Amino acid sequence: MNHYKNMKKTYWLFLAPVLITLLLVIVLPFIYGIYTSFTNSNGLTMSFIGLTNYKELFSDQRFLESINITFWFSIISVLLVNIIGLAFGLLVTSIKGKFATFLRTTFFIPNLIGGVILGFIWQFIFIQAFSAIGSATGISFFDNWLATSVSGFWALVIVFVWQMSGYVMLIYISFLTSISQSVIDSAKMDGVNAWQMFWYIKFPTVAPAFTISLFLTLTNAFRLYDLNLTLTNGGPFGSTEMLAMNIYNTAFQEYSQGYAQTKGVLFFIIVTIVTVLQLYLSRKREMDV
Amino acid sequence: MKKQLDFNKVLIIILAIVLSLSWLYPFFLIFINSFKTRTEILSNVIGIPEEITLANYPNSFTAMNYLSGFGNSLIITVASVGLTVLFSAMAAYVLHRRNTKLSTFIYYFCGVTMLIPFQAIMIPLINVFGQLNLLNRTGLTIMNIGFSVSLSVYLYYGAMRSISTDLDDAANIDGASRIDIFFRIILPILKPTTVTVIILNGMKIWNDYLLPSLVVNQEGMRTLPLELYSFFGEFTTQWELALTGLILAIIPVVLLFISLQKYFIAGLSEGSLKM
Chain A
1 MNHYKNMKKT
11 YWLFLAPVLI
21 TLLLVIVLPF
31 IYGIYTSFTN
41 SNGLTMSFIG
51 LTNYKELFSD
61 QRFLESINIT
71 FWFSIISVLL
81 VNIIGLAFGL
91 LVTSIKGKFA
101 TFLRTTFFIP
111 NLIGGVILGF
121 IWQFIFIQAF
131 SAIGSATGIS
141 FFDNWLATSV
151 SGFWALVIVF
161 VWQMSGYVML
171 IYISFLTSIS
181 QSVIDSAKMD
191 GVNAWQMFWY
201 IKFPTVAPAF
211 TISLFLTLTN
221 AFRLYDLNLT
231 LTNGGPFGST
241 EMLAMNIYNT
251 AFQEYSQGYA
261 QTKGVLFFII
271 VTIVTVLQLY
281 LSRKREMDV
Chain B
1 MKKQLDFNKV
11 LIIILAIVLS
21 LSWLYPFFLI
31 FINSFKTRTE
41 ILSNVIGIPE
51 EITLANYPNS
61 FTAMNYLSGF
71 GNSLIITVAS
81 VGLTVLFSAM
91 AAYVLHRRNT
101 KLSTFIYYFC
111 GVTMLIPFQA
121 IMIPLINVFG
131 QLNLLNRTGL
141 TIMNIGFSVS
151 LSVYLYYGAM
161 RSISTDLDDA
171 ANIDGASRID
181 IFFRIILPIL
191 KPTTVTVIIL
201 NGMKIWNDYL
211 LPSLVVNQEG
221 MRTLPLELYS
231 FFGEFTTQWE
241 LALTGLILAI
251 IPVVLLFISL
261 QKYFIAGLSE
271 GSLKM
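Protein chains in written order, with full-length UniProt numbering: chain A, 1 to 289; chain B, 1 to 275.
By construction, these hints were calculated from the structure, which means they are not laboratory data. One should not assume that every hint holds.
Stated by the list, open to error - Keeping only pairs whose Cα atoms sit at most 30 Å apart, straight-line, the calculated DSSO-like set for lysine-lysine is: (1) B/Lys101 to A/Lys96; (2) B/Lys262 to B/Lys191; (3) B/Lys191 to B/Lys204; (4) B/Lys101 to A/Lys9; (5) B/Lys9 to A/Lys202; (6) B/Lys191 to A/Lys284; (7) A/Lys202 to A/Lys96; (8) B/Lys9 to A/Lys188; (9) B/Lys101 to A/Lys98; (10) A/Lys188 to A/Lys202; (11) B/Lys262 to A/Lys284; (12) B/Lys262 to A/Lys96; (13) B/Lys191 to B/Lys101; (14) B/Lys191 to A/Lys9.
Here the structure is a predicted model, which means the values were calculated and not measured.
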């Protein structure tokens with residue numbers, strides 16, 4: 001390949017924009033961030049304080065609580081999103097023509113729209129529509145959904161599931177449509193019923209989609225901020241404050257930037273562990289097959 | 001046998017209709033309420049408006065600085081996505097065609113940067129860009145590119161594998177330079193991947209709230225989600241304006257999606273599978 005003229009020059013010319021932006025936007029802040037996590041920076045002044053921030057993490061009740069909420073939120077949402085996403089995928093692929101396209105669009109539309117807008121839509125529903133239903137029926141279940149820690153938590157789950165299910169459905173659909181029609185036809189000839197069809201034919205085909213969807217949902221659940229902000233804003237008293245919001249508030253409301261950065265570094269470590277686990281699991285599955 | 005099948009089909013279709021209508025109901029509820037007066041929203045939340053009020057639309061349009069927010073979102077999204085496409089396709093091209101240890105290293109390096117969550121670099125990022133005097137639309141565009149290129153390089157690199165190097169060699173014999181080959185031959189072939197890259201990054205950047213709120217949260221620079229946020233905070237007692245604002249913000253996205261649906265679905269499925 002060396003007969004190309006000026007190959008080396010072109011190589012660096014073509015790589016430069018990507019390398020420069022990555023260095024400026026990610027690498028430099030990341031290194032600076034690790035340093036910041038060992039300081040008491042408040043945004044204006046900073047001095048080195050060693051491991052003090054890291055030690056503080058373990059006695060910070062509010063932070064530990066936010067990890068706890070994020071953890072439970074992620075587990076519950078990941079399960080619900082994948083069950084509903086798969087169900088939608090099965091439903092859409094069992095119908096043909098324009099109606100299937102309409103269904104796919106319908107289930108996908110919440111995902112198209114940003115978290116801020118979705119959060120505000122449901123703020124109206126939880127505050128105005130729910131209390132209207134509550135006062136009309138007299139059922140206290142509908143009162144003050146965004147004002148208590150338990151119902152606030154479930155409000156977040158509902159809206160997140162509404163947002164993500166359509167996306168995960170797309171992934172399941174692309175696996176479900178890869179089953180050839182002849183397999184389905186010959187199974188039908190053999191008198192296979194709908195349940196057997198799902199369990200023995202469709203389910204094994206979509207199995208690889210589980211790993212993809214599971215971790216895609218998990219990453220999004222972990223980093224959730226927009227819905228948290230627009231629905232409960234962490235309230236009441238920080239009881240629905242998730243990890244991302246906790247870091248934001250520490251940095252930009254309390255101005256403890258060094259300490260917030262320490263949380264950020266820990267967040268990075270958690271995300272890395274989860275990702276490595278994902279890679280390991282999907283490799284292992286490929287080996288098994 | 002035949003009859004029973006038809007019965008199942010009907011059942012599935014009824015279920016599908018009920019599900020899809022309830023899935024869309026939140027949008028419908030906001031939509032009908034955007035035509036009510038403030039007093040009617042409070043007294044009649046669920047019902048159809050007794051009298052259709054159109055005044056909310058122009059009022060909300062002005063109050064939320066719609067044009068300014070839309071314009072900023074458009075400029076920032078188009079610039080960020082356009083440059084991401086160009087930069088990442090260029091990088092993927094030379095990384096694939098010049099298969100050295102260094103190229104492999106850079107390729108994996110891009111992968112590693114994807115691991116870093118935004119919250120882990122948010123604070124130093126704002127400080128660094130603040131010192132460079134880049135807490136403005138230009139700075140936001142650069143940041144968006146930085147957060148988009150890694151995945152895009154991966155997607156393009158995957159697509160490069162199926163483009164034969166014979167094409168390059170033939171063009172090279174005809175005297176074309178690397179730059180010519182890339183722009184005239186390779187980039188057009190990469191078009192399906194470009195669609196994926198545009199849609200994945202475009203949706204993320206258009207809808208983003210957190211990063212813009214830290215970078216361009218001032219008069220005249222705000223993007224649509226920021227305008228909506230500050231407007232909503234101000235007007236929650238005036239639901240009629242707030243809800244209309246939501247509808248105004250949703251309309252362009254939904255219109256774009258419906259007209260380009262084929263590309264959206266293909267791009268999103270493709271992108272998620274390759275991640």
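Results for each hint:
no.	hint	verdict
1	B/Lys101 to A/Lys96	49 Å, violated
2	B/Lys262 to B/Lys191	14 Å, holds
3	B/Lys191 to B/Lys204	20 Å, holds
4	B/Lys101 to A/Lys9	17 Å, holds
5	B/Lys9 to A/Lys202	19 Å, holds
6	B/Lys191 to A/Lys284	33 Å, violated
7	A/Lys202 to A/Lys96	17 Å, holds
8	B/Lys9 to A/Lys188	16 Å, holds
9	B/Lys101 to A/Lys98	50 Å, violated
10	A/Lys188 to A/Lys202	13 Å, holds
11	B/Lys262 to A/Lys284	34 Å, violated
12	B/Lys262 to A/Lys96	16 Å, holds
13	B/Lys191 to B/Lys101	28 Å, holds
14	B/Lys191 to A/Lys9	26 Å, holds
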